[in-house]
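One-letter residues, chain by chain:
Number of protein chains: 2
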Amino acid sequence: MKKLINAPEDVLVESLKGVALAHPELSVDLENHVITRATPKTQGKVAIVSGGGSGHEPLHGGFVGTGMLDAAVAGEVFTSPTPDRVQVATKAVDRGAGVLHIVKNYTGDVLNFEMAAELASMEGIEVGSVTVDDDVAVQDSLYTAGRRGVGLTVLLEKIVGAAAEEGRDLAAVVELAKKVNGQGRSMGMALTSCTVPAAGKPTFDLPDDQMEIGIGIHGEPGRHREPLAPASEIARQLVEPILGDIDAAGPAIVMLNGMGATPLIELYLMYGEVAAILEKSGVQIARNLVGNYITSLDMAGCSVTVLKADDELLRLWDAPVNTPGLRWGA
Amino acid sequence: MKKLINAPEDVLVESLKGVALAHPELSVDLENHVITRATPKTQGKVAIVSGGGSGHEPLHGGFVGTGMLDAAVAGEVFTSPTPDRVQVATKAVDRGAGVLHIVKNYTGDVLNFEMAAELASMEGIEVGSVTVDDDVAVQDSLYTAGRRGVGLTVLLEKIVGAAAEEGRDLAAVVELAKKVNGQGRSMGMALTSCTVPAAGKPTFDLPDDQMEIGIGIHGEPGRHREPLAPASEIARQLVEPILGDIDAAGPAIVMLNGMGATPLIELYLMYGEVAAILEKSGVQIARNLVGNYITSLDMAGCSVTVLKADDELLRLWDAPVNTPGLRWGA
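First to last, the sequence lines map onto chains A and B. Counting in my numbering, the first sequence runs from 583 upward without gaps. Counting in my numbering, the second sequence runs from 583 upward without gaps.
These are calculated hints, taken from the structure and not from any lab test. Careful, some of the hints might be misleading.
It does not matter which identical chain is used: a pair holds within one copy or between any two.
What the hints assert, rightly or not - BS3-like mimics (lysine-lysine), calculated; alpha carbons at most 30 Å apart, straight line:
1. Lys783 - Lys584
2. Lys599 - Lys890
3. Lys783 - Lys673
4. Lys673 - Lys584
5. Lys862 - Lys627
6. Lys761 - Lys673
7. Lys599 - Lys862
Could you put together the complete structure from these sequences and hints?
Right under this line is the structure:
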């Protein structure tokens with residue numbers, strides 16, 4: 583295993599220490615592994631909390647800041663954070679208007695966020711919740727009942743964060759979150775495995791001439807393996823299942839996401855291929871993101887997310903955001 | 583070779599096509615491989631052009647935009663762009679106040695930018711130039727007489743871009759660029775080789791238990807190889823040669839840069855280690871960047887850049903910038 587780390591068991595806390603030093607605009611609770619804004623939002627606005635296993639950076643900690651998340655709870659690598667820590671985050675950011683939990687659909691995350699919501703409500707904090715399940719690759723998976731939550735989470739956190747900043751109430755924010763989840767789909771692929779530090783070896787073996795289509799962000803099996811294909815063919819295999827699952831004709835926000843170890847020169851090339859297929863299918867790409875936004879440690883590969891977008895979603899997308907991982911208009 | 587590409591010979595142009603589709607705020611000349619702002623800066627301001635071999639993205643094309651570059655010239659992967667293309671870029675962005683060429687110190691780049699400057703001056707365009715040579719690892723290298731130009735280029739493009747936006751004249755912009763180059767130093771390391779698409783195999787072999795200290799951004803040999811060490815020891819080996827070469831006590835801008843295939847969780851961990859050593863040595867980190875800014879295709883590893891910064895440099899650093907790769911305050 584070749585990684586820039588000290589002891590595998592210290593990776594998360596030492597990385598959080600680096601985040602704290604690099605970003606004075608964030609506040610990092612090293613005991614509970616919770617990242618919040620150093621300057622909380624004003625009283626009376628809905629707060630947004632997300633979290634999950636680490637190893638997907640910049641998601642979620644890199645999306646804390648004005649216009650996006652109020653707090654992120656970082657579990658150990660690929661491991662759900664415990665309910666008490668989610669509750670700590672929830673309590674820390676509540677401004678009296680309730681808190682939205684954004685939960686990727688993995689069994690551990692779903693259970694632990696549910697339990698945290700109960701703990702919080704016992705303390706008088708109103709909690710709403712959305713479960714993101716955008717991955718069209720497989721119906722159930724290693725850690726999942728139902729579809730996995732992947733790239734759409736990034737887009738949802740941005741859009742819902744903007745709505746909360748505008749002052750919408752919790753019911754309206756929850757409704758918006760569910761609308762976004764209903765209108766977005768993702769599909770990913772891997773060229774290589776990732777290596778979890780504590781495991782010390784690749785999560786799976788993928789021969790030098792093979793790729794895996796439909797991979798999960800923890801290296802969970804996808805749809806199938808096949809010989810490495812040209813980018814144009816890979817783009818087709820990512821876009822077709824998405825368009826087969828949702829009518830995405832019309833304006834859309836599209837993300838071409840890197841899995842962590844794939845350089846930008848390849849991600850832009852893939853974006854060109856994906857955009858060509860989408861436009862030919864009647865999808866008008868109104869906004870886009872190209873880069874590493876929801877990663878899988880050192881996995882090489884990419885994913886495509888398509889979110890059908892009306893004027894409301896585009897306006898919220900364009901609203902100012904100021905986080906380490908996403909920043910514009912502020 | 584596992585890459586998201588079609589034919590190796592098409593990588594550059596196909597990636598530029600993706601850039602053009604993703605960034606309507608940029609204008610991409612697919613014939614000359616030149617990226618400019620879609621909306622040029624106002625007449626009477628100095629323009630800034632940089633460029634070099636591709637494979638270091640987001641450098642340079644990702645730094646075109648308000649507050650930074652006016653144009654980037656993209657050579658083939660790890661190959662200098664030809665003088666006529668640098669001239670095309672220079673001519674395209676000149677607003678009557680002259681053009682600064684920012685050139686990383688590689689023999690091909692230096693020669694081709696010099697020739698382009700002569701061609702431009704024959705057409706009545708005044709060209710100034712700065713050669714960046716911040717890499718303390720080796721004195722001469724595979725493609726270099728003198729030190730290599732690496733990470734400092736990113737910081738220099740930002741600071742000089744801000745000065746040009748303010749309306750400083752060419753002589754003042756050149757002077758500032760030379761000041762920045764004199765006050766910054768970098769040092770890098772690799773965990774793995776990179777693979778040039780046209781070569782189809784890794785540039786060098788690095789055994790599974792070894793790392794290379796002092797690596798160049800094209801996989802050029804560094805100072806030495808040794809067994810893989812903990813992050814704290816790697817940080818020491820990157821920071822000490824920098825501090826041995828320049829008195830960096832006082833305020834500084836520090837970049838912890840990823841080589842392309844190293845995930846953010848490791849980069850933040852490394853930043854924590856590097857920051858601790860620097861602060862202990864009297865360097866006050868006033869600003870920082872952590873992420874992939876000047877990469878080496880799919881190489882795993884990182885580099886450290888330290889730029890001694892006075893109030894003027896910090897003010898220019900904080901000025902608004904709006905590019906795909908660097909964006910704040912705009």
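The hints, checked one at a time:
Taking the shortest alpha-carbon separations for lysine 783 and lysine 584, both the intra-copy value of 10 Å and the inter-copy value of 19 Å come in at or below 30 Å. Within a single copy, lysine 599 and lysine 890 get their C-alpha atoms only as close as 38 Å, which misses the 30 Å cut-off; across copies the closest is 24 Å, which meets it. For a Cα distance limit of 30 Å, the shortest separation of lysine 783 from lysine 673 qualifies neither inside one copy, at 38 Å, nor across copies, at 52 Å. In this homomeric assembly, lysine 673 and lysine 584 never come within 30 Å of each other (Cα to Cα): the closest approach is 38 Å inside a single copy and 46 Å across copies.
In this assembly of identical chains, lysine 862 and lysine 627 lie within 30 Å of each other by CA distance neither inside one copy nor across copies; the values are 42 Å within and 41 Å between. Taking the shortest alpha-carbon separations for lysine 761 and lysine 673, only the intra-copy value of 26 Å comes in at or below 30 Å, while the best inter-copy value is 49 Å. In this homomeric assembly, lysine 599 and lysine 862 come within 30 Å of each other (Cα to Cα) only across copies, at 16 Å, whereas the closest approach inside a single copy is 46 Å.
The structure is inconsistent with the numbered hints 3, 4, 5, although it conforms to all the rest.
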